[in-house]
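Residue numbers for the first sequence follow the working numbering, beginning at 1 and rising by one.
These aren't lab readings, by the way, just hints derived from the structure by calculation. Do not take every clue at face value.
[Said to hold, decoys possible] Taking lysine-lysine pairs in the DSSO-like style, the calculated list, with each CA pair at most 27 Å apart, reads: (1) Lys56 with Lys20; (2) Lys7 with Lys98; (3) Lys98 with Lys134; (4) Lys7 with Lys76; (5) Lys22 with Lys56; (6) Lys7 with Lys20; (7) Lys56 with Lys98; (8) Lys20 with Lys98; (9) Lys134 with Lys76; (10) Lys134 with Lys56; (11) Lys76 with Lys42; (12) Lys134 with Lys7; (13) Lys134 with Lys22; (14) Lys22 with Lys7; (15) Lys20 with Lys42; (16) Lys98 with Lys76.
[Unchecked claim] Pairwise CB distance ranges (calculated): (17) Met1 with Pro89: 38 to 48 Å; (18) Asp104 with Pro72: 19 to 29 Å; (19) Asp71 with Gly101: 18 to 28 Å; (20) Lys20 with Met43: 33 to 43 Å; (21) Thr93 with Pro118: 29 to 39 Å; (22) Gly101 with Asp74: 38 to 48 Å; (23) Ala95 with Pro72: 33 to 43 Å.
Glycine residues also receive a C-beta, built at the ideal position from the N, C-alpha and C atoms.
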Amino acid sequence: MAYWLVKSEPEAWSWDDQTKAKRTHWNGVRNAQALINMRAMKMGEEVFFYHSNVGKEIVGICTVVREFYPDPADDKSGLVDLAASRPLPRPVTLAALKSDGRFDDLGLIRQSRLSVMPVSAAHWRAIMTLAGAK
DNA sequence: GCCAACGTTGGC
DNA sequence: GCCAACGTTGGC
């Protein structure tokens, strides 16, 4: 069971939008590394939903409801489907992760431009604790 | 196949 | 709004 993190600018697509939509096609990813990560996502795996630019915090958790498939509209891209699962009781900010010290090798901090990345089980648990979630 | 120029992302 | 980091493009 792997864990993931996806980023979205809330002005383009926010956690509220994701919650209302129930299930979305996560499309428009062109970055090679992000696509490799998307290919590795399996049904039912959990994904942190991070607000970039505005908020800069992890706000909720989605689950993978459809594994990677090619984008019919763009042969250089592909999709996974994500469904909102639950919000975090307390969002975890980028500043909090940076000042904590345990997350220096988290993709979000190490490679800030990557939009889809794996999260280790240890990091996942630590972030869940910071969020006041189980 | 190299690399300079350019575009985009995202933190500050 | 600025700029660093990094990906992509195109001329050679």
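27 Å Cα cutoff - pair lysine 56, lysine 20: Holds - the C-alpha atoms of lysine 20 and lysine 56 are around 21 Å apart, at most 27 Å.
Status of the given 33 to 43 Å range, CB of proline 72 versus CB of alanine 95: holds (40 Å)
27 Å Cα cutoff - pair lysine 134, lysine 7: holds (22 Å)
Satisfaction of hint between lysine 76 and lysine 98, Cα-Cα up to 27 Å: This hinted pair is violated, its Cα atoms lying about 33 Å apart.
Satisfaction of hint between lysine 42 and lysine 76, Cα-Cα up to 27 Å: holds (21 Å)
Holds or violated: lysine 22 to lysine 7, with C-alpha atoms at most 27 Å apart: holds (17 Å)
Range hint compliance [Cβ, glycine 101 to aspartate 74, 38 to 48 Å]: holds (40 Å)
Distance restraint between lysine 98 and lysine 134, which requires alpha-carbon spacing of 27 Å or less: Measuring from Cα to Cα gives roughly 22 Å; hence the hint holds.
Pair hint outcome, lysine 7 versus lysine 20 [Cα-Cα no greater than 27 Å]: holds (18 Å)
Pair hint lysine 134 and lysine 56, alpha-carbon separation not exceeding 27 Å: holds (22 Å)
Pair hint outcome, lysine 7 versus lysine 98 [Cα-Cα no greater than 27 Å]: Between lysine 7 and lysine 98 the Cα gap is close to 17 Å, so the pair holds against 27 Å.
Aspartate 104 paired with proline 72, Cβ distance criterion 19 to 29 Å: violated (40 Å)
Of the numbered hints listed earlier, those contradicted by the structure are 8, 9, 16, 17, 18, 19, 20 and 21.
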